[in-house]
Amino acid sequence: MAELAFVRDFTHNGYVQLRDYALGKIKGWSKFKVQQTEIKIDLLENYIAKYRGKPPPRVVWRGNTGEWAEHLRTREIGEVVKIDPLTSTSLDIGVAMNFAKIGKEGEGRVLEIIPRKGGAYVGIRGVSSYDTSEKEWIMRTHHKIRKVGVEKIRGRRTDGSIVEIEVDQYEEIDDDDDV
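If you read the sequence shown in numbering that gives the first Met the number 0, its first letter stands for residue 0, the second for the next number, and so on.
Warning: the hint list may mix true and false statements.
Using 20 Å as the maximum straight-line C-alpha spacing, the simulated SDA-like pairs for lysine to any residue come out as follows [as the list claims (entries may be wrong)]:
| hint | residue 1 | residue 2 |
| --- | --- | --- |
| 1 | Lys143 | Gly23 |
| 2 | Lys143 | Lys30 |
| 3 | Lys143 | Ile82 |
| 4 | Lys116 | Arg72 |
| 5 | Lys100 | Asp158 |
| 6 | Lys39 | Gly65 |
| 7 | Lys39 | Arg18 |
| 8 | Lys151 | Lys116 |
| 9 | Lys53 | Arg139 |
| 10 | Lys53 | Gln168 |
| 11 | Lys146 | Glu78 |
| 12 | Lys134 | Asn97 |
| 13 | Lys100 | Val147 |
| 14 | Lys49 | Lys30 |
| 15 | Lys116 | Pro56 |
| 16 | Lys39 | Asp83 |
| 17 | Lys143 | Asp19 |
| 18 | Lys81 | Asp91 |
| 19 | Lys151 | Glu165 |
| 20 | Lys81 | Glu163 |
| 21 | Lys143 | His70 |
| 22 | Lys143 | Lys100 |
| 23 | Lys100 | Thr36 |
| 24 | Lys151 | Lys81 |
| 25 | Lys134 | Lys24 |
| 26 | Lys30 | Val15 |
| 27 | Lys146 | Asp83 |
| 28 | Lys100 | Lys49 |
| 29 | Lys146 | Ile172 |
| 30 | Lys116 | Glu165 |
| 31 | Lys81 | Val149 |
| 32 | Lys24 | Ile82 |
| 33 | Lys24 | Glu37 |
| 34 | Lys100 | Asn63 |
| 35 | Lys151 | Glu163 |
| 36 | Lys100 | Pro56 |
If you anchor each label on the Cβ, the simulated ranges turn out as follows [claimed, not checked]:
| hint | residue 1 | residue 2 | range |
| --- | --- | --- | --- |
| 37 | Lys30 | Arg57 | 39 to 49 Å |
| 38 | Lys26 | Gly159 | 41 to 51 Å |
| 39 | Arg115 | Trp67 | 34 to 44 Å |
| 40 | Ile38 | Glu106 | 13 to 23 Å |
Bear in mind the hints are in silico, worked out from the structure with no lab data behind them.
Glycine included, every Cβ here is placed at the ideal spot set by N, Cα and C.
Work the whole structure out from these sequences, hints included.
Encoded structure:
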């Protein structure tokens with residue numbers, strides 16, 4: 000039950016604290032907050048480890064905004080990016096489009112990612128932060144993705160509208176591949 004509580008916290012914006020920790024942005028944090036964050040990461044990694052034997056989805060989607068979206072957009076084909084924090088992705092492109100603010104102010108980017116390993120499904124009613132029907136795939140810490148393309152596709156937003164968007168296509172790669 001504690002694992003599900005931490006997964007719920009992670010999908011309900013708890014990822015911000017975990018991301019900041021993974022990126023070393025902990026200046027001014029108390030010793031307690033650092034220890035609490037390390038415990039959360041361990042519990043989430045244990046949750047993911049339980050599912051290592053299960054095959055990942057064929058494709059997942061991630062909506063990004065701001066500098067990170069621009070950073071990923073400008074990567075060259077074949078370029079590898081290391082992502083330190085745990086990463087929540089969706090099996091629903093519409094959810095990613097909403098997170099990227101597609102069709103709203105300050106449009107971000109949607110990533111299409113082919114996961115290879117080291118993640119876990121989160122689709123338990125009441126755990127996913129977006130709505131009760133969203134299925135998430137949490138990607139492990141310190142994973143690497145390689146840009147394999149850019150493509151224009153038509154995607155259905157969660158409000159039902161269909162829009163054409165440009166997606167950055169990435170594939171997760173093994174740890175022993177070079178960055």
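(message) Does Asn63 sit within 20 Å of Lys100, going by the straight-line distance between their CA atoms?
(response) The given pair, whose Cα atoms are some 8 Å apart, holds under the 20 Å limit.
(message) Check whether the Cα positions of Lys143 and His70 lie no farther apart than 20 Å.
(response) Holds - the C-alpha atoms of His70 and Lys143 are around 15 Å apart, at most 20 Å.
(request) Quickly compare the C-alpha distance for Lys100 and Thr36 to 20 Å and report which way the hint goes. (result) Violated, because 29 Å separates the two Cα atoms, which is more than 20 Å.
(message) Check whether the Cα positions of Lys151 and Lys116 lie no farther apart than 20 Å.
(response) 26 Å, violated
(message) Given the hinted pair Lys134 and Lys24, is their Cα-Cα distance within 20 Å?
(response) 29 Å, violated
(request) Compare the distance between the alpha carbons of Lys143 and Gly23 with 20 Å, and conclude whether the hinted pair is satisfied. (result) Judged against 20 Å, a Cα distance of about 18 Å means the pair holds.
(request) Decide if the proposed pair is consistent with the structure: Lys100 and Asp158, CA atoms, cutoff 20 Å inclusive. (result) 12 Å, holds
(message) Would the hint linking Lys53 and Gln168 be met if the CA-CA limit is 20 Å?
(response) 23 Å, violated
(message) Against the 20 Å threshold, does the CA-CA distance of Lys146 and Ile172 hold or violate the hint?
(response) 10 Å, holds
(message) For Lys81 and Glu163, compute the direct alpha-carbon distance and say whether it is at most 20 Å.
(response) 28 Å, violated
(request) For the pair we were handed, Lys24 and Ile82, check the Cα-Cα distance against 20 Å. (result) Roughly 15 Å between the alpha carbons, so the hint for Lys24 and Ile82 holds.
(request) Measure nothing beyond the straight line between the CA atoms of Lys39 and Asp83; if it is 20 Å or shorter, mark the hint as holding. (result) Holds, at roughly 15 Å.
In terms of the numbered hints stated before, the structure departs from hints 2, 4, 6, 8, 10, 13, 14, 18, 20, 22, 23, 24, 25, 28, 30, 36, 39 and 40, listed from lowest to highest.
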